[in-house]
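Colleague: Each chain is listed here by its residues.
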Amino acid sequence: MKEKRMMTAVLFFAMFVIALLPGYTGKAVAAEKTLVIGTTLPLSGPAAGWGLGLSRMNDFFAEDINKKGGLKIGKDVYKIKTVAYDHKGSPSEAAANATKLVSQDKIKYLIGGVIAATGMAELPITQPAKVVTTSLWWGKGILGSDKPFSFRQTISQMEIAPAMYAWIKKNNPNIKTMAQINPNDTSGWDTAAAVRDAAEANGIQVVAQEFFERGTKDMYPFLTRILAKKPDLIDVAVTAPGDGALIVKQLYELGYKGAKAWTCGTNPVEIIKLSGNEAAEGLWFAYGQDLNGTNSSPETRALAKRYMEKFNEPLAPHHVTSYAMLEIFTQAMVKAGTTDTTAVSNLVEKMKKFNTSFGPFVLVGKKKYGIDRQFVHRMMLSQARGGKSVEIEWLPLPGLGLPGY
Amino acid sequence: MEITLLFQGGLNGVMLGLNYALIALGLSLIFGIMGIVNFAHGEMYMLGGYVSYFLIGRFGFDFFTSIIAAIVIIGLLGMLFEKSIFRPLTTRPREALTSLIAAVGLAWVLQMLAVICFGDLDRNVPSTFKGIINMGGVVITKERLVTIIIGIVLVLLLNLFLLRTRMGNAIRAVAQDKEAAALQGVQVSRISALSFGIGCALAGAAGALMAPIFSVSPFLGGEVILKAFLVVILGGMGSIPGAMLGGLVLGFIESFGSLFFAVPTVSAITFVLIIVILIIRPQGLLGHE
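These protein sequence lines are chains G and W, in that order. Numbering-wise (numbering that gives the first Met the number 0), the first sequence opens with residue 0 and increments by one. Numbering-wise (numbering that gives the first Met the number 0), the second sequence opens with residue 0 and increments by one.
Please keep in mind that the hints were generated in silico from the structure rather than gathered at the bench. A few of these clues could be false.
Label pairs and their in silico Cβ distance ranges [claimed, not checked]: (1) W/I131 / G/G386: 14 to 22 Å; (2) G/K71 / W/K129: 56 to 64 Å; (3) W/G184 / G/G254: 29 to 37 Å; (4) W/G118 / G/R305: 13 to 21 Å; (5) W/V152 / G/N170: 44 to 52 Å; (6) G/E277 / W/N158: 20 to 28 Å; (7) W/T64 / G/G386: 53 to 61 Å; (8) W/L144 / G/N311: 33 to 41 Å; (9) G/Q103 / W/Q183: 54 to 62 Å; (10) G/Q103 / W/G9: 40 to 48 Å.
Every residue gets a Cβ at the ideal spot worked out from N, C-alpha and C, and that includes glycine.
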């Protein structure tokens, strides 16, 4: 009886071990590998509007590739698996997540970082491990020849601000003074410097420059002081959607009737909904592309429709850049025949121009950053009118036919 | 500096201070009666906001109904938490520490449940009182004015309840000396449950009041709890009038400070002033030694 129980236990144990054997199918198979794409983002908190869509675009890409049978890189076929951790906007959590992604999940590609302070915490972990990071980290210290694996997947304040303020000045010569409001961290400080330079280069005097703590709800105290300076234009610059919408709403409540801009104006639809149609009226967004409109490619429109059906939320233009990055880097992996990040990064640098679901991308930056690691794509300036985000025109950006990069 | 700016600063301070005071009142009440540092208090505020979001935004109820509903729902929830989580811990060793840890755990669970049920993004609550009142350059929205009035009414009602009713007398007796109150026939466990419920109801009411002004998100609790603790410590742990005064003091420091200094400087000044006050009066402005 005892022996019978022992045999049963051994049998179950053997079945358990066999079931755990990776890739076991009961027949001889070719090596199917997994390419793990990681990310650490603000998936909660005021910046969740930025982070969630980026993470979901990684998932969409993985679904699309896996549905087609995987990615053939060299002799192997890779299925894509995504891993995402929430850093809530905290640099210390971002660093902990990056360590986990690199050492536990063994990722080689980290797609879609946002909030520069978290990027500064992650790069010392990812760079030595030769992990390619593509991000929306807006900050000076993100790109450089000492960080060959750090790419910026979208235009930063250094590119947007000059273009946006040139447009504002050309079309609104009556704007002579401005105030800007930014969060009190790396993203905010670097953006404040870039916006200040751009405004002053276009003859607009900066009369107020305010930094606030992310998550602040009652902005009346510092907005009162800003309004006392009577600026012609107020820019909420790199403020996250939740905070920025409150600022816009409270500016309206305090009686501000001047021009409003959002240099990092992502998610126009969400922002207009949060701040209210009347409060948002006239607000300029730098990321104002209507993903369901005729200026967007059929692939972008399909992604926007799919996202709305799945999540009942609008997809924002900056989200789609993550999908585009995966298209670019997997294209390079296939061409290079390897997932090795050095070989792939060098090839991406060599290829320079790409067509993606989001439109054309160009890799630039040698003059400004010492290395070509800044992706530039088209940016549509839009304005909130009658509760909708109305496209105005494409901003003239470096790399897309303009000198300077 | 223009005089209108100073008046605007004063009005901003009243609004800010009242917001802080309403959240802190409940926290102070709970600590005063039960000695529990309720880290989940911010989540009661958050849930009150969501009551407002659903009743006004989704089901079309009016503003006043949503406030009453938030008071009742969050109050009952508070009583449930007291009975099921905190009361069993009163007989355990190191009660204060275990209650604190339980409160932190409760806060995390409530926040994550809110994320699962309501989503991660900020939600707008439609404004019931639209329009702005301009008094010679000093502006206030009708929404904020109504919030200030209701907030003051709630504080007065709480004071009336505590000072003029049998139940209120019982609560104050338990706060002073639990054992002596029990000897006088006060049912301490019933009073504890009621106090916890009232404390949470106040936070829920504050959340419902502020929701149309500031929007709601599952992370609202974490953002307000630090300020609530500052107010309670400044005013005096367990002191209701202290919480009111502490809230207003903090509100005015921040509001007037922001007229002259940048936000990071105001934060530093606020903390320095609080430290100075606590050095002079360690028990807080109106706390007992």
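Colleague: Please list, smallest to largest, the hint numbers that this structure does not respect.
Modeller: Numbers 3, 6, 7, 10, in rising order.
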